[in-house]
Every structure is written in C-alpha cells, then in structure tokens.
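Peer 1: First to last, the protein sequences are chains A and B.
Using UniProt numbering, you'd call the opening residue of the first sequence number 1 and step up by one each time.
Using UniProt numbering, you'd call the opening residue of the second sequence number 1 and step up by one each time.
Treat the hints as calculated values from the structure; they're not laboratory data.
Hints are supplied without guarantee of correctness; some may be wrong.
The list cannot tell twin chains apart, which means a pair is met if one copy fits it or any two copies do.
Dumping the calculated DSS-like pairs for lysine-lysine here, alpha-carbon to alpha-carbon at most 30 Å [to be verified]:
| hint | residue 1 | residue 2 |
| --- | --- | --- |
| 1 | Lys179 | Lys114 |
| 2 | Lys40 | Lys281 |
| 3 | Lys288 | Lys175 |
| 4 | Lys117 | Lys275 |
2 protein chains.
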Amino acid sequence: MMNFTLKQLRYFEALTRHGHFGRAADACAISQPALSVQIKELEQTLKASLFERGSKQVRLTAFGEKFALRVRDILRSVDELADWARASQNEIIGRLRIGVIPTVAPYLLPGFIKDLKRSHPELDIRIRETVTSRLIEELEDGLLDTAIVALPLSEPSLTEIALFTEDLVLIRHNKDHGKPVPTQKELQNMRLLLLEEGHCFRTQALSFCNILSASPKEELDGSSLSTLVQMVGAGMGVTLIPEMAVGVETRSAPVSIARFENAQPARTVGMVWRKTSPLSKQLMEISKIVCHSAKGLRQQNTSDH
Amino acid sequence: MMNFTLKQLRYFEALTRHGHFGRAADACAISQPALSVQIKELEQTLKASLFERGSKQVRLTAFGEKFALRVRDILRSVDELADWARASQNEIIGRLRIGVIPTVAPYLLPGFIKDLKRSHPELDIRIRETVTSRLIEELEDGLLDTAIVALPLSEPSLTEIALFTEDLVLIRHNKDHGKPVPTQKELQNMRLLLLEEGHCFRTQALSFCNILSASPKEELDGSSLSTLVQMVGAGMGVTLIPEMAVGVETRSAPVSIARFENAQPARTVGMVWRKTSPLSKQLMEISKIVCHSAKGLRQQNTSDH
DNA sequence: TTATAGCGATAGCTTTTTCTTATGATGAAT
DNA sequence: ATTCATCATAAGAAAAAGCTATCGCTATAA
C-alpha cells in the first residue's frame, strides 16, 4: 500500500517551488531537517527519487517532474475543498426538506416560504405535502429534515416545538348567518363534512364533537378544506376549518363563519424534527420564522372580518 | 487554516460507504473509537457535521453529501497517483537526455538507439549533439542526463565510465595506396585536415602528431569527419578518423585507409553523468548497451576490410 | 593550500498525534 | 426489565513528526 500523506505532498510541492530545503522548510514553517526527513520518506514510499541533490541546487528528476504535475492538481482540489467547506459554513444548510400537512400547507406556505427565502436566500427549499403519519415516516427515514404538523405527536425520537394555536371555526351556509351557534351536542346531529380518513384535522374535529371515531352516516368525506367549504356553500352541511384557512376559503362561497361560544375548539400547529438532527439549531431559528409568518397570516385574516 | 488529512478523508469515505462506525473501522483496519475520533475531528475542523448519528443508522447530512462527492474525487486522484507511481517504478525512467559528441554520434547512434529502444521501449530518448565542453555544461546544468564523450575529462562532479577504445586510422588518397605509412614526424609536414577548434578529436589528432596546439599553416578546418574525408578524396591532404567512422565515410570517396605501425593512436570513448544523478544505476546499465552496440559496429567495420 | 560558509543529512530527544483497550451512555429489541 | 447493538469518551501506549545540534561535503575566499 502506497501511503503518502497530504503533508508530504505539501512539503514536496514547496521544495519544487523553492529548489532549496532551507527555504522550502521556512515556507512550510518547519525546520529544515523535518522537511528533509519527510521528503526522504516520500521518496522511500514511492521507491523512486524525486530530487537530485546537487551541490549547486536541488533539481527535480524526470519522475519528480511528472509527479509534481499530479501533486499540484491534487493539492489544488484539496484547497478548493477546504475553501468550499469554509464558504459553506455560513449557509444555514444547502438543502432543507420540509413536510407540511395539507390543512396547513396552502395557507401558511406562501407567506412562510417568502419569508424564509428572504432571510436565507441560499436555501434550497423542498416541500412535501401529505398526512402526518406519512410525514413522520419520511422524517424518520431521513427523507425530510422537518415537518409542520398538528401537535401533539409524542414520538419519542422527535423533537416537538409548538408554533401557534388557532381556533377552529364553524362554516355554515349564508342562510344560517346570524342564527345561534350550535352547541357541540347539536353538531352531532348536523351534517358535518370532514376530510377523509388519515387527516389529523378530521380527528380533531370529530373529537371536538365528542364523536369517538366511527363516524355517523351524516358525514361526507371531502379531499380538501377548499372542497368542504364549497360543499357547505352548496348547502350540503356544515364544516369546521382552522382559522388560518378562513381568509382563503370563505371568499368564493356563500358561507359564513361562526365561533363557538364556550369551549372554543383549537388546534396547535408545531414543528418537529429528529432529535438527532444536526440542524436542530437552525430549525429552531426557522421555527421562529414560521411563527412570524403565521402571525402575519392571522392578522390578515382578522382584519378581513 | 483548514487542515484535514488524507487519513481523515479515507475514514470519512469508508463511513459513507458503510453507514456504520464499527464496520467502517474494520474496513480501515483500525478500532472503532479511532474512527469516531477522526470523524469528529474532521467535523470540527470543518465546523460542520457530516453525519447524523441516528439510533438506526448513520446518515450523511446534506453538507456531508456534497462533501463526499468532492472527497471521492480527491481520493480517486490520489489513488491514481499512487498507481501511476507504482507503475513507473519498472520503467527505467521516462525521459533520458543523452549528449553525444559529433565524432561519435553519426556512427554509434543509429545502432545504439535501436538497441536501446528494444531493451527499454518506454524510454523517451532525446539526443543532443555538440562538442564536449558544451555537453559538460549542459550536463551540469541538469539539461542532460548523460553524455557520450572522449575520455578522460577529469571533471570532479562527474562519474566517468569507459565504453571502448578505438584506433585512429589515417585516411589518404587512393593514389597513395600501398605506400609506406608515414611516421608521426612525417605527418607534421603533410597537409593534415582537421576539425575546427572545439572538437576534442582535433586535439587528439594534433597531440598524436606532437603538434602542441597552435596549428601550422598546413592545416585546414572542416566541419565534420565526412567533409574531411571528401576533401582527402579531392586530393587536398590527409586526415585521421576514428575506426568507427571508417565504414560510413570511406565508401563514397577515392581514399584508402592506413594504420600506423607502432604507437597506434587511439581514443577512448566513455559515458559520463553527474555523480549526484539518481539514474546512476540505470545509466550503468545503459552503458553496457552502448558497449554492445559499439562492438557490433566494430565487427561490421572490420568485416568490410 | 587552508579557512570559511552554505547546504543537506543524520542523530538524539521532545512534543504531538494517533491508536488501542476499557468503559459509559443511549436507544432498540427481546 | 434485560440484553444487545452502537457510538462516544477516557486513559494510557505507540507511532509520527518536530526541534536542536552536529556531521560531511562543496564551493568560495583568502
């Protein structure tokens, strides 16, 4: 096994440049004997002499000359690697893969991504939108760096951080506008439109209504909050949506918003990542940006109404 | 200064391949802690983490992944360099710069180069033909690896090795064929054609005739042995040439060869190189090839006559 | 010629780095 | 709950790399 070291190559290169052991050693900030020894060792591992030590000067052999060409190439790429690594230190990280649940993504992301790109322009952001269980899986498999989901999760391997809590509001047809807000009990007898199985938001809504899980026949699955609202507008029932969705979803349908009087239902949105993730520090920072974006979104929504 | 070592890069690469500290350490033939420490140190000099140590597996970070790409490139070129160096060990040396004096070159070289190429096909041979003083200069400046000249030189910095000794023969016009060979004394009064100043062969011829150096008016300078012989053929005088030149030079002119009876003049041709040259061993080998080629040449010449 | 200065190699010793073994801590699996 | 697997840490041993001092050789100056 031919086993030279980068140090030896650096010393060698210096010696080719100076043609003088003493001066090359100075350039390497070591003593002349140290350089002598390393060059000698390099020659021994190569089983060929690199320099001819004349009384006048130190000259490269033909072999040494060809060797020097390749060594210079290698040293250059090593230095480039070091430069690149140094330059990369400032970047929070090159690529950030974020998972988001579908009941958050369309409302939060536009503003959030804008904010994130502003504060970390070099970031290569990738978004994955799917249900919580999938996100967790992919997170643990290292396919995602973080996920924005509804808390709590209680996954022992993940760090959770709460971002904000928002109310869930009742969406009903405009014709019901002004009517008294139904109680939870009354809700159970209304036609409650929900997302399909798998969405955490469905579970949250159901639990609010004290419906345990096996849903009554009155329920109808929809594939997105947007669809649900449109169906409400068509008079097919009522639904619950998180506050952040209000602005976007209620504009284009004849629906009105009602808040529950006591026991306001709410959900907590948070960010999670692997406890082992080396990005923890940066993710903590990013979570602040999410909070900020969400706050902006909330203000926008409340000013609308 | 970012100062990682080749070892660290090798360990890093192994860990990316195995995704497991223990197995990577095995692959590197070191203990697991040794690898752990080196990876940690690498991460510290980079001020960035390369791996995420999960409980399930060891995964590259985004930074580590990009780093790995560059590291693989570097390791590949280092290994290629080692391979190349190993392969070069067998070659006697890539490039061999040989100087030859003009009174040897045209006779010896054709056969010698053929022989040399046969025994060392990979050799990049370069020939320089000029007078001894120049050859010595260039040899000492490192522009030549060896020179074939007439001995002795007595340059303290050079190693001399004798190759062969050959007679000098008298070349005179055909009309003098059969006449008694002139003595040295008689030669002094004949029109002796010689090479111009600077050629060692001129000095040798003169010294044989006991002419010290300032040559008599009878002399006429020619630029090559070939020219001298042609001039002899034209009846302009006589000349001396080394035996190896006989075959080539006397064919195309009406001249005949005569050997001196006593005190046969001769010259010794040898090879020289810097005492410090790392090629000494190989040059010694090459000198044997020269001897062999010269012997072949001599046999050819004697069989001619 | 002898003296002197410059240069690289070598020797002996010290410091630094790297490795090994032993052990600790943590999460996963039985 | 225990055991196993895995990576990290600690302490001491081994190896590598460095320094100072000095040698031997050349070349230059006197």
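Peer 1: Each hint needs a verdict: does it hold in this structure or not?
Peer 2: Hint check:
1. Lys179 to Lys114: Neither: 39 Å inside a chain and 111 Å across chains, both beyond 30 Å.
2. Lys40 to Lys281: between (47 Å within a copy, 19 Å between copies)
3. Lys288 to Lys175: Answer is neither; intra-copy 40 Å and inter-copy 113 Å both fail.
4. Lys117 to Lys275: within (25 Å within a copy, 68 Å between copies)
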